Each structure stands twice: as C-alpha cells, then as structure tokens.
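Enquirer: Here the protein sequences come in this chain order: A and B. Using this note's numbering, the first residue of the first sequence is number 1, and each one after it goes up by one. Using this note's numbering, the first residue of the second sequence is number 1, and each one after it goes up by one.
Since the hints were made in silico from the structure, they are not lab data. Heads up, a few of these hints could be off.
[As the list claims (entries may be wrong)] Example chain B residues on the side facing chain A (calculated, C-beta under 8 Å, incomplete): (1) 152; (2) 179; (3) 337; (4) 338.
[Said to hold, decoys possible] Calculated lysine-lysine pairs in the DSS-like style (CA-CA distance at most 25 Å, straight line): (5) A/129 / A/142; (6) A/326 / B/473; (7) B/438 / A/360; (8) B/522 / A/473; (9) A/511 / B/438; (10) A/522 / B/473; (11) B/511 / A/438; (12) A/473 / B/6; (13) A/126 / A/142; (14) A/6 / A/360; (15) A/326 / A/360; (16) A/438 / B/360; (17) A/543 / B/473; (18) B/360 / B/511; (19) A/511 / A/522; (20) B/511 / B/6.
Since this is a predicted model, take the numbers as computed values, not measurements. Glycine is no exception: its CB is placed at the ideal position from the N, C-alpha and C atoms.
Here is how the chains run, residue by residue.
Protein chains: 2
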Amino acid sequence: MPSIHKTQQWQNLELHWQTLAATNLRELFTGDSHRFVRMQLSAAGIFLDYSKNLLNEDTLPLLLDLAQVADVQGWIKRMYAGEAINITENRAVLHVALRNRSPRQFLVNGNDVMPQVRSVLERMEKFTKQVRSGAWYGYSGKAITDVVNIGIGGSNLGPLMVTRALGHYHDGPQVHFVSNVDGTHLVETLQGLNPATTLFIIASKTFTTQETLTNAITARNWLLAACGDPAAIAQHFVAISTATAEVKRFGINPANMFEFWDWVGGRYSLWSAIGLPIAVAIGMPRFYELLDGAYAMDNHFETAALAENLPVVMALISIWYVNFAKFATQAVLPYDQYLRYLPAYLQQLDMESNGKRVTKNGDAVGYLTGPVVWGSAGTDGQHAFYQLIHQGTQTIPCDFIIPIHSHNPASDHHLKLLANCLAQTEALMLGKTLEESKAELLAQGRSANEVEMLAPHRTFPGNRPTNTLLVEKFTPFTLGALLALYEHKVFVQGVIWNVNSFDQWGVELGKQLAGVILPELKTGTPQLHHDASTLGLIERIIKHRA
Amino acid sequence: MPSIHKTQQWQNLELHWQTLAATNLRELFTGDSHRFVRMQLSAAGIFLDYSKNLLNEDTLPLLLDLAQVADVQGWIKRMYAGEAINITENRAVLHVALRNRSPRQFLVNGNDVMPQVRSVLERMEKFTKQVRSGAWYGYSGKAITDVVNIGIGGSNLGPLMVTRALGHYHDGPQVHFVSNVDGTHLVETLQGLNPATTLFIIASKTFTTQETLTNAITARNWLLAACGDPAAIAQHFVAISTATAEVKRFGINPANMFEFWDWVGGRYSLWSAIGLPIAVAIGMPRFYELLDGAYAMDNHFETAALAENLPVVMALISIWYVNFAKFATQAVLPYDQYLRYLPAYLQQLDMESNGKRVTKNGDAVGYLTGPVVWGSAGTDGQHAFYQLIHQGTQTIPCDFIIPIHSHNPASDHHLKLLANCLAQTEALMLGKTLEESKAELLAQGRSANEVEMLAPHRTFPGNRPTNTLLVEKFTPFTLGALLALYEHKVFVQGVIWNVNSFDQWGVELGKQLAGVILPELKTGTPQLHHDASTLGLIERIIKHRA
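Please put together the full structure from these sequences, using the hints given.
Expert: And the structure:
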C-alpha cells in the first residue's frame, strides 16, 4: 500500500478542504435544515452532536473512503483477534479483553486470556471487600482509613481520573495518589495520615520504575519509623506488578500482588488490576459497571458500520482537522467538576499514543500526526483561556462534554452549567459580525466614535467547530463508555496515520540521560561530554548545593 | 507606523528564520563554545539559560530591532506612567503599583494610587491577623478553621495557584477554592466542613458574576440552614469587591469589604485584595515577601537594557517561535509539585491577554498572536505527553522551571528530580540519530533484522528548543519574581503584536447567549431562533429532564 497521503482518497480530501474553507458554519446550517438530525450518533448511553463541525454532506463520505483505504475495519479485527499489532514490542493489544463481560474468548498465541482476567478480578473483589469492610487491618489492629496509590503515567492518571470522576460513589477509604518523584508529593500527602491505618498500593509492572520505587521506599521508611517491625510491611503494602521476586524483596506478600499482562498498555490499563484504587474507593460492583460501560462501547465499535460508529466518526473529524485544516491542537472541555482530570487523562492517551513520527514500517510520516490535546473543566475555562478560542488567530476544535443530570442538583447550578455549555458552542459557531457588534453598541447609546473604535474588538469570527457529547448522568457505566470511546478514537487515528499507537519509545532517551546525570549530581563530579548548556547547569546546581 | 509585519525588521526575521531552519542545536553548540555563557540572564533570584533555543548570534539582535521598532521601551514607560493603555476599557494598567515597595508615586488621572494600595494592605493585615490568631470567630464563638474562596477566573486561579505553590509556608486555616458553577464543586467542598468555623471570601468586582454569586448564595443557605440567624452572615462572609450596595444587600458588613480598582485586571490581581486567601494561608509578612519578589522583577523590567531584560528576552524568543518558526503551542513544565497549578495560571495569563485578532486600532492582525500555553508538573508529564514533544510531528518550545533546593529534601528525591529535568532538556536538544539508535540496539545483541525494524522507532529528531529557569528555592520572594517575569513577558509580546493585552471581550458572547438559553431551560420553552444544533440540544435536554 502507498503511504496514506499519496492515496487518491487523501488528495480528494485536500481538494475538498478548499470547499469547506470557503464556506462557514452559519451558511452550512442555513443551507441544510436536516443537519442536526443527520449529524448525530448515539451508543452506550452517549449522544454525540457533531453538526457544529466544518463538514458538509460530502465530507464524511470522503473521510470514510480514507478509513476504508486504511483498512480500519481490518485493524479492528486484528486487535480483537489478539494479533501482535504493537509491532515494536511484539505484543497483542487487548484492553478490550479486560472488560469483556461475555463468555467470548480472547486469544493470545492461541491461549484464552479470559480465565486470568477473571481470576484477577476475583482477587481484586476479595481484597477490596476486606479493605472496605475493615477486615483488613494494619499493624495495630485498626482498619484502613487511607489508601495511597504510588504509580506514575498510566499507573496514576487513569485510576486518579476515574476515582475523582466517580467521587459521588466514593464510599470506601480515602484514596490518595502519589506520582511525582519530587519528595514534596509524598511528604505533603503523608502529612496528617496515620501509618497504622494507611495502606499503600505500589503500581509498577517491572517494580523498577524510578519515580515509583523512590516513593515506595520513602513510604516504607515512614511506616517503619512509626512501627519498627518489618513484618508490618506486608500488612501495609500491596503491589500491582508482574515482578514477583522484586515485590517479595520489597517485603510485600506475593499473595497480595495483583498481576497484569504485557498485552495491556500503561495508558490502557485502568480496567485491569491498575484500577484497584478505583475499586477500593467505589467497591467492585461499581467497578464492574465501569467495565460494563466500556464493554457496551466496545461492542458498538466492533460491530457498527463505520458511518455510524461513534469512535470512528470522531476520529475522522480529528483527522480532518489535523491533516487537512492543519489545526494544531484540540481541546477537551468537560462541564462536570468530577471530570476535572479528564483533559489530563485524554492528553496522555492521545499524545502518547499518536505523538509519533514514523510509520509502522519505520518510514518518516509525510504528514502531521497527533495534535496537542488540552483543556479544563468548564465554566472555569470560560474565564481563562476561552478568550483565545473565541478571538485568537488559531482555530481550536473543542469537545464539550456534559451530563443532563447532576449528582448534586443544588438550586439552579446545573441549569446554569447546561446553559453555559450550549451557549459556548452556539457562540463559537455563530460569532458576532462587525455589523452586529456596531448595532449592539449603538443600542447601548455609545457615540459614533466609540462604536467605530470598540466594534472590531467586540466582533467574533465564529466558525469555530465543536462536538457536543451528552450523557444522562456520569455513572460508572457512562464513564466507562466515554473512556472506551476515546480509546478507540485514538486507535482509529493511529490506524489511518499508520503509526504504532501502543509503544512509547519517546520516553526512553530522557530516562537514559537522567541515569547519566544523577551520579554526577550525587558525586558532585560532572562529566565533560555534555553540551555546554547541560554541563553549565549541572555545575551551577552542584555549586549551589554545596 | 505600518503594521509590524510590514516592517523591515519583521522581514529580516522572516529571512533569518531560513538560516536557523537549515541548522540545528547540536551544530549551534558545536560551533560556539561560549554559547551557554552568552545566552544566560539573571534577575531577582531567577536564572535563565536560553542557550538551548533555535537562535544564533544574529537572532537576538534582530529580535531586539523588532522590539525597538515596536517601541517596547515606550510602552513600558506608558504602563508605569498610568496611561490608559487598556484602550478599549479606557483604563490604566498598574499591577506594578500593587507591589511597589518604595515611596514612589503611581498616578492615575493625576492622583497617586499608593495611599489606597497601602490602606487595603493594612486592612488585609488586620483581618488576616484576626482570622489566623482565632480572634475572629463564627456564630458559636469558635475560631475559623476553614476559609472558602468563591471566585472565578482571575479571582480564583491566581490565589489558588499561589496558595498551593507556597504550601510549605501554609500555617493558617485550611483554604479551599470554589469557582465552577457546577453544584458539585461547592457541595463536595462543603462536605466535612463545619458551618460554625467556616469563613467565605466572595471575590467579584461587580458582585454580579453569575458563577460566583450562584455559589455564594448556596453557601449562604448552607450557613443559614445550620445556624438560622441572618446576623451570622456578617461573621462568616467577607467580600472582595467594589460594589458596596450589592455587598451590603448580601448581608456582608461593608467594613469587611476589601476593595480593588479598575486599573487591576482580573488575571493580574493576585497582588491586590484578591490575594486575601493567600494572606490567610501564609500570613501577611510572607505576602509582603511575595510582593517584594515581584517588585524586584518590576525594577529589573523597568530599568534593564532590552538585551539583558529577562521578560523582554523571553518574550522575543516566544515571538520568534510563534511568528517565524510558526510553532502553535508552548509548554510550561514546572519541576516542583507545589507549582502544579502554574501551567493553568500561565495559560490564563497568556491566552486571555494575547488571544486577540485585532490590533489596538481595530485592524485585523496579519500574523499569528498568542499561542496555546499548556503543561503540567514534571516528572508526571514525562510519563504522559512528553512522547509527542520528543517524537511528534510538531515542535513545542518548553520552559523547564526547577528549584535547586527542595522544601522537602527526603532521601535523593530532589537529585532525581533535578537529573530528570536537565536530562529532558539535553534529550530534547540532542535527540538520537538513526545511526546511534542502530549502534545501541546492536550493542544490546539484537539481530540485524530487529535493528533495521526497531531503530527508526527509537530515533529522536532532537533540535527541540527549551528554556531552563533555575531558582534557589521557591520562597514567596522567588515565586513573586517568577510570576512578575511572566506577566511582563506577556505584556511585551502584546506590545509587539500591537494588541490590547488587558481586555477580554472574547468572554462576552458566551455569557450573553447563556443568558438567553437559561430561561428557556428553566421554563422548558425553547425559542426557535437558534440554529438547528443548539435548538436540538436544548429540546433534548428539556425532554430528558422532564
């Protein structure tokens, strides 16, 4: 197959962009009264309105042609079949197996992984029941009041985001998350915690991740400083890992090691044992509902025609903006305070998966890949960076996400939240013309001079594209569906870009070089091979720490 | 004056970019052994290494020519002179007066504002002493244990960020921040708080901001549900506002209203009474140190030659990347867990100030303005989005910010943090060539086939530009200096782009349209004038809420 950007389908889209660039959303809506009805999809409790995008009736068909030529359907099949589609690590990619709630088998090298998956879920259930009921106790015989998850990257952001997103359902012990190697993170977290009632979950596949082990050892010292007895470690530490020997050496009882597998990528792992802190917080029945929601979306993704496939359509719209409109970033704007960590989570999911510059074959891509994904919870963003989205010189496609019902329906807060969310998508699309702006100022009684001066500043170009995602309420089920939706969206984009969305070699070089610099800082002896800047900084730090 | 992009200076830079695009950082370092020494600056306790940027010895002089033709020095003078440089609102811009720690006068319309500034600082001092000492008490006679700041945008992000950034110095009552109109934000915050010992700070200049007032009223109901006596409101609510009548009507004693002025923009206001929650947390002496640090940077900014002026040089490097290299985003990466809100704060500061599309004269700008500013605390980002920064198809200039000393020097955590920070800047600059990657894989004993297949994926293009900012330790002083540095940087960029960095008309349209939609949701009666998407969403929400 030729590189995707050499295909006729790609070139059709490049040409087609010229048409769209010459029109605008106001016109598109005026010209088509059925637009809203035609450009919407629902699956697994999620409703998507994608009509406020820079698409006409020809765009999606052309994008679907591209999906066809990139063999999106074939790659979905390959993923489900357990093929080693993570080619640089020679691994299958089967996070869908983690939430498979049917008798179906998932095969890796001919072996069904489902018995292992179910066995770990059962062990998680037993463990969380003990912790949540008070049957698990610390060295002084007291129940656990606080759980501290120590992990980084996928072993942190996923469980952190979901635990907070389901804060309304949180009826277990307090759950804290420590990730940064900065001593401040752990020290500030442990302040006010009682070693006798604190349980640590150490999440590291290899049990050698520098940040995680550094924090775990300091946490162990904190426990031992309080109780003195190394036997207590087994009561206060459990592991999510595959490295039995390392885990045992740390002092953890291997019976309290929860396994996951090399076919689970870090950023796709919250559905596995990595989700243990979630299950401690909300209980296993609700963790299963989270899996149920993801499973519902998985089924939709696997079976729906591409044109009605929520993750596929969202992926194609993203591709449209990255490669043809050349928009560099995309924003995620959840109108739900519980979902405040969602933008950071999706930032990792998307940018670590598709921030790649070579194809699966190792050739340089000849086109842009993953955009910068960013955002924050609304309405806060409205009073911060929305200025640039409305009136800046870049176009930033936005996903607005909002539940119809709030878990905390105090007074009219939620109606205001809904009104703001809808108004933003309306404002971004419509804008306000110079003439409208002038008329408004005149109506306010401003002088002709003032009107002339102010109107350009109060004009909005509009034509800013948005998706709106509605759910009834953010339950474990709908959250699971939403996350699976974005996982599959990112996968489809990676398929079209022909990159491996499941490795992350880009994190290795920094680790390697940090391993060189650390002993230099420790001994106070810089090596001269560094560039002048790095050397100069090392010397300055050594001098100032002396 | 012609538009800035029509000047010779701008065109020189466009031409000059071709030279830089044809070289790379490795070469630039090899070719110039004095690069690190020449490309560094210090002021007010902040050390900047800017040598790892895509600059040669001609670049900064050419950028300084641009600063000259844009009259940066003249605009600095105009700001300090209290001229109404916020032209669309006809206001002076004098956040520098808020931290003026000298006998100097700052004039607005011929009147020195310093007596007012000092008077409010004195009132803040008296108030915070009372709250912190327990002399201020609630309706049942108990001291205040928790302070809840209710504000949004500049009335939230600044105080929130600084309060957390100075967490090490936090010895006053607990301080919470509620901003989002989402009822969840307030409800979850109040859970576990005691009305008898909770004090609310309501921060809203006009006392009409929808989010803030909605939250304030729900908070007042919460208090009244507990104590029943409206007279208690005055003991549990204070205001940061200028709207005496509204404040009084709410039930707040006007003696407990802290004023600020129209020459203080929301995103530049943490130095004013808006900083009250900071002062409650750390005490006024340390709040003064924060002002001292900003004042030291202000003096540097006002007096240093442009070529040695930290905010000016950082601004010019940003301009270089936005307008000549066409990099769409810039990342802020604080290696300090206390500074975890800094990226969100700078995102607002930068994007709300310079996310503009018309010049001061109201003409469309013919060039790009404010970039998307984003980031997170390191080392977490390393395990999330750094993949794209290292190996993606976009170049993202990054500011690395790190203290030489930690407030929590547990074990070797901080040396590891430092090693990681330096290693990232080294890795981003150097990259790893295909040949280096192959040699490494061969040395690991990989087969020739594996080497061929894997090496391209493990290659790093390098040549990714970074700034490194070092401080001794993040004290109130150095934090104040850092924030003033970025404020002035943003200002200089705005001067060169010839935009008004001090208004935010872009937030108005959404507010206006939300005001239309809210009654439709409340009455269940949508108006038909909306576009089909907005109307369809409103109808769907009404139906599902019925």
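Enquirer: Mind listing which of the numbered hints don't hold for this structure, in increasing order?
Expert: 6, 12, 20
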